[in-house]
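Chains as they are written, first to last, in the numbering used here: chain A, 1 to 159; chain B, 1 to 288; chain C, 1 to 773.
Don't take every hint at face value.
[Claimed, not checked] So, partial list: chain B residues that the calculated Cβ filter (under 10 Å) puts toward chain C:
#1 Pro3
#2 Asn26
#3 Ala227
#4 Lys231
[Said to hold, decoys possible] List of simulated lysine-lysine pairs, BS3-like, C-alpha gap at most 27 Å:
#5 Lys584/C to Lys556/C
#6 Lys405/C to Lys176/C
#7 Lys2/C to Lys584/C
#8 Lys244/B to Lys443/C
#9 Lys176/C to Lys448/C
#10 Lys231/B to Lys176/B
#11 Lys244/B to Lys549/C
#12 Lys252/B to Lys206/B
#13 Lys280/B to Lys407/C
#14 Lys772/C to Lys244/B
#15 Lys252/B to Lys772/C
#16 Lys579/C to Lys2/C
[As the list claims (entries may be wrong)] Calculated from the model, a selection of chain C residues having no Cβ within reach of chain A, i.e. all distances over 10 Å:
#17 Gly21
#18 Pro133
#19 His152
#20 Arg225
#21 Asn236
#22 Arg279
#23 Arg382
#24 Ala428
#25 Leu433
#26 Met491
#27 Leu569
#28 Ser593
#29 His671
#30 Glu685
#31 Gly731
What the hints contain is simulated information worked out from the structure, not anything from laboratory work.
By construction, the Cβ of each residue, glycine as well, lies at the ideal position given by its N, Cα and C atoms.
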Amino acid sequence: MSESRAISVTVNGERGEAEVPVRLTLADFLRHRLELTGTHVGCEHGVCGACTVLLDGRAVRSCLLLAVQANGRQITTVEGLAPESGGLHPLQEALREHHGLQCGFCTPGMLMTLTEFLSENKSPTGAEVREAISGNLCRCTGYHGIVEAALDAARRMRE
Amino acid sequence: MKPPRFEYHDPRTVPEAVALLGRLENARLLAGGQSLMPMLNMRLTAPDHIVDLNAVAGLASIGMEGETLVIGAMTRQRDIELDEQVRSRCPLMHEAILQVGHRATRNRGTLGGSLCHLDPSAELVAVATAMDALIGVEGAKGRREIPFAQFPVGLMTPALREDELVTGARFPLWRKGHGYAFVEFSRRHGDFAIVSAAALLEADAKGRITRAALTLGGIAPAPVRAAEVEKLLTGTKGSQTLFKEAGEACRKLEMMEDVHVTAAYRRQLAAVLARRALEKAHERIARD
Amino acid sequence: MKLVGRAVARLEDEPLLRGEGRFVDDIRLPGMRHAAFVRSPHAHAAIRRIDKAAALALPGVHAVLAREDLLPHLATEVMVVGLPSASYKQDLNRPALAGDEAVHVGQAIAIVVADDRYIAEDAAALVEVDYEPLPAVSDCRAALAPAASKAHRASPHNLLAEFDMAFGDVDAAFGKAAHVFRESLWQHRGGGHSIECRGAVAVHDVAEDRLTLWSSTQMPHAAMRLLCDMLGRDENQVRVVTPDVGGGFGPKLVFYPEDVVTSLAAILLKRPVKWIEDRLEHFVATTQERDQYWDVEVAVDRDARLLGIRGSLIHDHGAYTARGVNLPYNSAENVPLGYELPAYRMSVKVALTNKVPVTPVRGAGHPQGVFVMERLLDRVARELGLDRAEVRRRNLVPAEKMPYKTKLKARGGLTIELDSGDYPKCQADALALAGWDDFPGRKSQALKTGRHIGIGLANFVKGTGRGPFESATVRIGPSGRVHVYSGAAAMGQSTKTMLAQVVAEQLGADLDNVTVTTGDTGAISMGLGGSNSRQTVMAGSSAHVAAVKVREKALKLASYRLEVAERDLEITGRAIRVKGADVKLDLGQAARSVAGTAGYTLPGGMAPGLEATEHVLIDAMAYANGTAVAEVEVDIETGAVRIAKLVFVHDCGRIIHPVIVEGQLLGGIAHGVGNALFEWMRYDENAQPITSTLADYLLVGATEMPPVELGHHESPTPLNPLGVKGVGECGVVPVAAALASAIEDALSPYNVRITRTPITPADLVSLLAEAKR
């Protein structure tokens with residue numbers, strides 16, 4: 001009874017074909033089929049945000065999407081953030097400088113959420129940053145370092 | 001927490017979707033997935049078929065037809081949030097949608113999905129109640145429109161036949177300059193409202209309230225229009241005392257009781273939020 | 001100091017930022033199979049029969065193993081883990097899999113192994129278990145009532161343990177007291193809820209007959225020993241490795257049925273087996289904290305000086321001993337800590353319930369002890385019409401009495417001695433930062449506009465750096481790289497960076513030249529892992545001493561080889577250099593010269609190798625302290641509490657890395673806010689969890705976290721060579737008490753008393769309504 005479907009997905013700029021069970025979640029597809037384990041699974045019911053990726057540029061919870069729904073679409077994961085030429089994305093740099101990560105498990109989700117947020121709001125306030133990441137739970141940092149990092153990254157990206 | 005097995009269908013047109021719903025047993029529609037996918041992952045539901053609406057053409061749109069806002073069922077909540085027409089002509093919906101979940105859930109969540117899921121606390125469901133929305137439905141027997149007051153027939157149960165799907169909703173708009181407020185109480189930012197109050201007010205040149213709508217969400221299986229309070233307010237000038245009285249009158253409404261929230265607390269929130277929503281709506285009435 | 005005390009870049013960051021961390025679910029092995037567990041849906045039930053047929057018939061399923069399948073392969077079927085205590089009345093150790101009785105919702109009954117997790121869950125749902133529900137014990141107080149039904153059928157009763165903690169003549173103290181006040185307090189803390197749940201990947205190498213278990217654990221060495229005991233293997237045949245761990249917070253400091261069962265499945269199936277806990281499982285299968293009911297009295301003299309505290313504590317232990325009675329012990333012990341209390345008696349009863357076992361979550365019982373004392377002090381202040389800060393000033397152990405020998409004993413029997421710290425100054429600084437003296441004026445102004453603001457404070461003292469040791473090996477290899485190995489376990493708290501800093505300080509100050517390996521029983525033979533805010537103290541001290549020894553040897557060797565006095569040498573970068581001259585001995589060359597060449601003596605009569613292994617023994621704990629001052633605004637109509645500001649002044653001894661310390665405090669404060677206002681692990685009267693998803697169980701998000709102002713004192717402890725105290729849990733400890741105090745202050749016009757935590761808006765509305773009547 002279990003169906004499979006052929007899908008074509010572009011992930012971090014690379015297009016690939018795969019045959020997937022229809023019930024396979026996008027998170028599991030990325031992690032276990034494409035071996036892009038940077039996207040993490042924390043709750044599988046859409047609350048913690050650790051699984052956040054960009055779908056056609058929009059932040060989405062990959063645990064709440066089926067892989068088949070990504071057919072023909074563009075996905076960006078944390079592995080696609082750093083520039084090909086080397087170094088880190090300003091958000092990654094800023095998180096490092098402001099101690100915005102401790103165990104690192106929520107970090108990819110935070111990065112993807114903030115990537116979308118900063119692309120739309122280039123001069124956010126601290127309160128706006130907090131609101132933007134309110135759907136990403138962190139159990140380690142108390143969020144302060146993440147907020148500082150986002151504000152700093154926004155500054156850098158404006159320059 | 002992995003979904004159970006199901007067969008997957010992704011129709012391209014509404015008639016295809018309708019045909020599938022008519023043919024398949026134990027099928028569920030997948031819209032934004034923000035409510036259905038958690039249930040699937042937790043195996044709280046085990047449909048044999050998932051009918052994914054995300055590829056159906058023509059179901060996502062926001063437009064005006066005269067003085068009516070028309071929104072397609074698969075319109076993403078985030079697009080509603082960003083729409084300038086919605087912000088200027090339907091500010092209640094705009095204010096409400098800012099409180100729906102988080103950005104990532106609004107990026108996928110749809111109007112139609114929220115309206116059909118009929119969570120007692122859902123902000124968009126309360127807005128539809130407040131504005132007497134008209135739900136556009138298409139099924140094997142053709143199209144029909146359901147006034148929102150008749151849409152919920154039980155807890156999380158819409159008045160839809162097995163072969164029907166919601167294609168959109170129409171929101172008759174209030175006059176330009178009307179007062180509005182969507183006030184909710186939740187434990188954390190983005191959480192479902194425990195109780196919400198949506199107030200809409202129109203007043204004449206002398207400041208007398210000519211039209212009032214007060215909707216309480218989260219107190220009953222479906223949002224409740226406090227009709228008696230609306231009558232109380234119409235024809236009056238609106239004042240702190242009056243709005244306080246209106247809030248207190250809401251205590252008489254029937255309140256749900258469950259393991260998470262008592263009826264007593266809902267009652268308190270209803271009274272307070274109703275008053276606050278009315279005060280805010282009244283302040284926002286444009287004085288020309 | 002070149003590195004210690006500075007905010008150096010973290011070693012951990014880059015791979016984590018790139019999404020190149022290696023958490024347990026990221027591990028892939030050829031031929032790996034996936035497990036799911038069949039778990040009891042009942043809080044208490046007899047298990048009559050398990051029918052695996054339908055599950056086994058599902059394509060893609062490789063095994064369904066229940067207790068009977070495992071018994072022939074287990075040397076012992078129970079996990080004996082309880083920390084020693086004379087207080088136990090019963091030994092209730094967890095079995096690997098339930099036998100004929102399930103005693104909590106979520107207890108593991110069987111393991112299903114399949115091609116993937118999806119199929120494993122399908123199959124788990126097809127395993128038919130014939131349960132006969134039995135009465136469930138849900139409330140730990142009711143559990144101790146004479147006619148209570150039993151959490152375990154074969155138990156005589158539900159009293160797991162009881163003990164008194166006492167010193168001084170408490171009855172005499174109460175007899176002569178000017179004032180006696182009584183409080184009944186309910187305190188609840190919830191689960192760890194690290195964003196990464198638990199997980200295990202087990203593989204058995206047949207050729208070497210070696211089992212390797214990757215586990216998201218805080219205690220790899222203890223896990224290894226337990227696996228050896230249970231599987232009947234020796235230490236050489238079992239290796240436990242911690243990959244990157246996405247938060248631990250206490251519950252991962254437990255060895256679980258899933259760890260041994262997954263391991264055994266890998267051995268029996270001759271394939272690697274992976275089990276990853278999902279969030280629903282975390283609610284019912286991972287340990288948590290839960291309820292404590294306190295009934296306490298305080299006796300004071302006319303001047304609000306403490307004469308005695310006495311009372312009782314009933315503590316919910318859950319269905320089994322998964323660690324010990326350390327949690328209630330810590331709570332009882334922490335009540336008087338930091339204050340001068342002449343007499344004390346706390347009678348503690350530890351009760352069994354049909355719920356998942358209780359073990360420490362960040363804070364480990366100390367927040368509860370603080371809450372009791374701080375509520376009592378607020379009560380004294382209110383009753384005597386005194387400023388709450390003043391009452392504390394009169395009772396805090398003053399700096400001039402340090403080190404202060406208390407009359408308490410730590411669980412190992414050592415007398416608790418507060419080693420260093422200036423508690424009154426901490427409080428004074430916190431109050432100044434918070435504007436305590438100006439607050440009454442602001443409060444009455446606010447009240448005029450209908451706003452209810454309040455301020456509250458709480459002090460804490462917490463034992464850190466629990467001994468007796470942590471292992472560290474520092475080795476310079478022929479490559480010239482500095483390798484550090486430790487039994488410490490990292491879970492996000494920057495353990496590797498801390499160890500690298502401490503070691504590099506001695507050996508060239510080049511962090512890029514240091515690799516740190518933690519949490520691997522194959523890399524170092526002994527260790528106790530991460531808990532009790534101990535790693536900087538214990539692992540740091542051992543790493544420091546080892547690094548100093550390696551440094552001394554390197555200098556001696558270079559002195560010999562370069563024919564230069566040791567005082568003219570320094571270690572910078574990757575070489576030992578002559579100061580002010582272009583002459584050096586690379587670290588790699590130094591290592592090679594004591595690696596030995598067959599037939600040739602080692603230079604200068606030195607011993608082989610440029611390495612040292614240390615297990616610095618420290619039995620006494622180093623006591624960190626601090627003061628939290630919270631300012632809140634309460635919406636009396638909805639009960640909503642907004643934390644306007646939290647001031648936190650603390651002393652964790654010498655600060656190794658200021659930014660990491662702040663991060664630990666802020667993270668701990670977030671947990672404290674959660675405990676105070678949000679986190680409530682609720683069960684019904686049948687011990688069924690009511691809050692079983694993250695939608696119901698509320699974790700603090702960025703919008704709930706208040707603005708925090710931190711202040712630091714550094715009272716180095718004499719107890720270790722670095723002068724450090726732990727900090728990992730300190731942020732949690734005083735926060736619930738400070739918030740309760742502030743909320744009570746905000747509601748002072750209504751005479752509402754806060755005697756519970758968490759306190760929700762609905763609770764406040766109820767309390768206000770009651771107070772009106």
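Taking the hints in turn, this is what the structure says about them:
Look at Pro3/B: its Cβ gets to within about 8 Å of chain C, closer than 10 Å, so that hint holds up. With 10 Å as the threshold, the beta carbon of Asn26/B stays out of range of chain C, its nearest partner Cβ sitting at about 17 Å, so the hint is violated. Interface restraint check for Ala227/B: the shortest CB-CB distance to chain C comes to about 24 Å, outside 10 Å, so the restraint is violated. Of the supplied interface hints, the one on Lys231/B is violated, with its beta-carbon coming no nearer than about 25 Å to a beta-carbon of chain C, more than 10 Å.
A C-alpha spacing of about 13 Å is found between Lys584/C and Lys556/C, which places the hinted pair at or below 27 Å, so the restraint holds. Note on Lys405/C and Lys176/C: the hinted pairing holds, with a Cα-Cα distance of about 25 Å set against a maximum of 27 Å. For the proposed pair Lys2/C and Lys584/C, the alpha carbon gap of about 20 Å is at most 27 Å, so the pair holds. For the hint linking Lys244/B to Lys443/C, the alpha-carbon distance of about 26 Å falls within 27 Å, and the restraint holds.
A C-alpha spacing of about 43 Å is found between Lys176/C and Lys448/C, which places the hinted pair above 27 Å, so the restraint is violated. Taken as a hint, the Lys231/B and Lys176/B pair is honoured in the structure, with Cα atoms around 22 Å apart against an allowance of 27 Å. The suggested pairing of Lys244/B with Lys549/C is violated, with an alpha-carbon distance near 76 Å, which exceeds 27 Å. Simply put, Lys252/B and Lys206/B have alpha-carbon atoms about 31 Å apart, too far for the 27 Å limit, and the pair is violated.
For the hint pairing Lys280/B with Lys407/C, the CA-to-CA distance comes to about 60 Å; that exceeds 27 Å, so the pair is violated. The straight-line distance between the Cα atoms of Lys772/C and Lys244/B is roughly 20 Å, inside the 27 Å bound, and the hint therefore holds. Among the hinted pairs, Lys252/B with Lys772/C is consistent with the structure: their alpha-carbon atoms are about 21 Å apart, no more than 27 Å. Taking the CA atoms of Lys579/C and Lys2/C, the gap is about 17 Å. The hint holds against a cut of 27 Å.
A beta-carbon of chain A comes within 10 Å of the beta-carbon of Gly21/C; the shortest separation is about 5 Å. The beta carbon of Pro133/C is kept farther than 10 Å from every beta carbon of chain A, the shortest such distance being approximately 28 Å. Consistency note on His152/C: stated as away from chain A, and its beta-carbon is indeed over 10 Å from all of that chain's, at 32 Å minimum. With a least beta-carbon separation of about 25 Å from chain A, Arg225/C lies farther than 10 Å from that chain, consistent with its non-interface assignment.
Even its closest Cβ contact with chain A, about 31 Å, leaves Asn236/C beyond 10 Å, as expected for a residue assigned away from the interface. Some Cβ of chain A comes within 10 Å of the Cβ of Arg279/C; the nearest lies about 4 Å off, and the non-interface call is violated. The beta carbon of Arg382/C is kept farther than 10 Å from every beta carbon of chain A, the shortest such distance being approximately 31 Å. The claim that Ala428/C lies off the interface holds: its Cβ sits roughly 25 Å from the closest Cβ of chain A, which is beyond the 10 Å cut-off.
Once the 10 Å rule is applied to beta carbons, Leu433/C is consistent with being away from chain A; the minimum gap is 17 Å. Residue placement check: Met491/C does not keep its beta carbon more than 10 Å from all beta carbons of chain A (closest about 6 Å). No Cβ of chain A approaches the Cβ of Leu569/C within 10 Å, the least distance being about 34 Å, so the stated non-interface status holds. At roughly 37 Å from the closest C-beta of chain A, the C-beta of Ser593/C stays outside 10 Å, upholding its exclusion from the interface.
In this structure His671/C is not separated from chain A by more than 10 Å, as the shortest Cβ-Cβ distance comes to only about 8 Å. Distance to chain A confirms Glu685/C as a non-interface residue, since its nearest Cβ pair spans about 26 Å, more than 10 Å. Listed as outside the interface, Gly731/C is inconsistent with that label: its C-beta sits roughly 8 Å from the nearest C-beta of chain A, within the 10 Å cut-off.
Going through the hint list in order, the structure does not satisfy hints 2, 3, 4, 9, 11, 12, 13, 17, 22, 26, 29, 31.
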